[in-house]
Amino acid sequence: MAVLEGEADHSLLSDFDEKEVKRFYESMELARSFDEKALHLQRQGRLGTYASIRGQEAIQVGAGLALQPSDWWFPAFRDIGISIIRGLPLKNLFFYWSGDERGNVIPPNQNDFPIAIPVGTHIPHAVGAAWGAKIKGDPIAVLVTFGDGATSKGDFHEGMNLAGVFSLPVVFLCQNNQWAISVPRSRQTASQTLAQKAIAYGMTGVQIDGNDVFGVHQTTKAALEKARKGGGPTFIEAVTYRMGDHTTADDASRYRSSEEVKEWEKKDPILRLKQYMKNKNWWTQSYEDQVNQNSQNRILEAVKEYEESPPVDPGEIFDYVFEKPTPDLVEQKKIFRKKK
Amino acid sequence: MEKLTLVQAINLALKEEMASNPNVVVMGEDVGKDGGVFRATVGLLEAFGEKRVIDTPLSETGIVGAAVGMAAYGLIPVVEIQFLGFIYPAMEQIISHAARLRTRTKSRYHCPMVIRAPYGGGIHAPEHHSESSEALFFHVPGIKVVVPSTPSDARALLKSAIRDPDPVLFLEPARIYRSIKEEIKGDGLVPLGEARTAKTGKDITLIAWGAMLQVALKAAEAVQKEGIEAEVIDLRTLYPMDTDKIIESIKKTGRGVIVHEAPLKGGLGGEIAAVIQEKALLYLEAPVSRVAGFNTAIPLPKMEQFYLPNPEGIVEAIHRTLCF
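Chains as they are written, first to last, in our numbering: chain A, 1 to 340; chain B, 1001 to 1324.
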């Protein structure tokens, strides 16, 4: 329990200074505040179905801050923490979860894919981008994030297999949050850990505490560096917990006990980091208030931008099927315009 | 230029495109050392090396999924799926990702890739090797579907497909891989989406593609002896479909027969017939006929001759349409 009180094992600690630790904290706090705001907006009917990341902030911030801007990242759908760190405008996240196509548009200077909704199908894309980098000789790494459920999919296995065979610069980061909607980790696989699956594909597999932002950051950073230097792929299983429901359309109390949730609430990654900072005398109430205020300001600004954006021209749906619209699309767009 | 078979013309197109664009990468099962089970990629490994001609593990989802990421990264992967009947594990990657990457990112990313697959019956291959499931892909928004029926077109269309900025499924009629040889003319590309009049005529329009084009031409030859002049249209690209060419011909002849070896049910024949009645109903002298495979699995080699459309069946449909 010492860990939960913020007592770190100093032999394992890297020398993160106050500034770096505060960056972890502020990013985690922003992610959580965003999450809370999104849930509120959904309940007020101002946002569509939303997938909360509550409990997974340490993995997302730890890994997100390990990426370099030139690296590529392939997200799953429960990854807003990394999105925020990568620089995706917050309003895009609101767009996306409100069903507005503008949410999927990644800024031109950001090498990331939009969210993949089909589980695990983005894993081969990450492998392909890493392959492209290797063919072109670009010293970059690719990060792909997914949940425990994705490890049951063929795409995961085919992607891992290709990455192993061709020694590709890709890091597979599994956020094992224990639940794939209502199905527990024990129903996804009979293997003792997810990390051990790496052995079968000839790559290093590590299991880490996903609620320890320092551990996640160091492990991911080392794996990405190894990849950039031609050392091949790594599989990281970060053990964590989905503290909320699967999405706002789900009620987790139907399939899991409140005792289990309470146990994990004690391990809340933000709480843990705060305890650590308190022990270091890096935390004050006024600091927390200020961090919170900054987050709220950014989020409210984004809500305003999102809610005040003019609607998209629906005729645009015809414009991006191909680079040049085919004759039938040109014709359908004309008919659509007339009807409007 | 020397005379080439269709599969040799494909090999030539790959060589030419790989030589002119260093971003073109060929990948698939057995495409390297073996040169492909039909020898379509023979010599490429020696010419372009292991980085650009990749023998992959047996992994359709992995190959096509990785090609999506590679394409987004800036390469042009040309993927070989050994037989169209083996493509189904990769359907999710094709439909959910390759075909809609541009749409869902408003062109921030796109997917310039080609998936090549031999297809169709008549080669006495084992089960699952003779699929003609072009309609499945035709139905999916965001993917182009191309089927050459001559060596010259195979080369020209494949070059266009590789240069196209969007994903293209390139279906190679295995039955005519080696049965026709012709001199490959010019360096010209054939634009995707343009049909070709393989034979002109005034009495009836036959519409076909792939291996069925030869069958339709044989039927046209047969009725010529009775004084019936059939016009034969080779679609070449199924999507985008050159409906203008079809309608123009139907307006001239007033009658149409569509020939495909895929099952009749939900096949492209229905789509083409619908387009004809929407755009040329008042020019029609008779209902549009379809000659197609049955709504069954494509039979094993000993029975496939009973399944595949033949010239006699097309002649019968021509007579039926003319005597309506």
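Quick caveat, the hints were computed from the structure, so don't treat them as lab data.
Do not take every clue at face value.
What the hints assert, rightly or not - In the EDC-like style, the derived pairs of lysine to aspartate or glutamate whose C-alpha atoms are separated by at most 20 Å in a straight line are: (1) A:304 <-> A:36; (2) B:1279 <-> B:1242; (3) A:333 <-> B:1278; (4) A:334 <-> B:1242; (5) A:334 <-> B:1203; (6) B:1279 <-> A:323; (7) A:333 <-> A:323; (8) B:1051 <-> A:138; (9) B:1218 <-> B:1242.
Stated by the list, open to error - Computed footprint of chain A on chain B; a stretch qualifies when at least three of its residues, placed anywhere within it, have a C-beta under 8 Å from a C-beta of chain A: (10) 1042-1051; (11) 1067-1078; (12) 1222-1234.
No residue lacks a Cβ here, since even glycine has one placed at the ideal position from N, Cα and C.
Status of each hint after checking the structure:
For the proposed pair residue 304 of chain A and residue 36 of chain A, the alpha carbon gap of about 16 Å is at most 20 Å, so the pair holds. Proximity of residue 1279 of chain B to residue 1242 of chain B is assessed by CA-CA distance (about 13 Å); at most 20 Å being required, the pair is judged to hold. As the CA atoms of residue 333 of chain A and residue 1278 of chain B are separated by approximately 18 Å, the hinted pair is consistent with the 20 Å bound. For the suggested pair residue 334 of chain A and residue 1242 of chain B, the alpha carbons sit about 18 Å apart, so the restraint of at most 20 Å is met.
As the CA atoms of residue 334 of chain A and residue 1203 of chain B are separated by approximately 34 Å, the hinted pair breaks the 20 Å bound. Between residue 1279 of chain B and residue 323 of chain A the CA atoms are separated by roughly 27 Å; this puts the pair beyond 20 Å, and the hint is violated. Note on residue 333 of chain A and residue 323 of chain A: the hinted pairing holds, with a Cα-Cα distance of about 15 Å set against a maximum of 20 Å. Note on residue 1051 of chain B and residue 138 of chain A: the hinted pairing holds, with a Cα-Cα distance of about 14 Å set against a maximum of 20 Å.
Between residue 1218 of chain B and residue 1242 of chain B the CA atoms are separated by roughly 23 Å; this puts the pair beyond 20 Å, and the hint is violated. Coverage of the stretch 1042-1051 of chain B by chain A is violated in this model, with 1 residues showing a Cβ closer than 8 Å to a Cβ of that chain against a need of three. Counting residues of the stretch 1067-1078 of chain B whose beta carbon lies closer than 8 Å to any beta carbon of chain A gives 10, which meets the minimum of three for the stated coverage. Proximity of the stretch 1222-1234 of chain B to chain A, defined as three or more residues with a beta carbon under 8 Å from a beta carbon of that chain, is not established by the 0 residues found.
In this structure, the hints that do not hold are numbers 5, 6, 9, 10, 12, in rising order.
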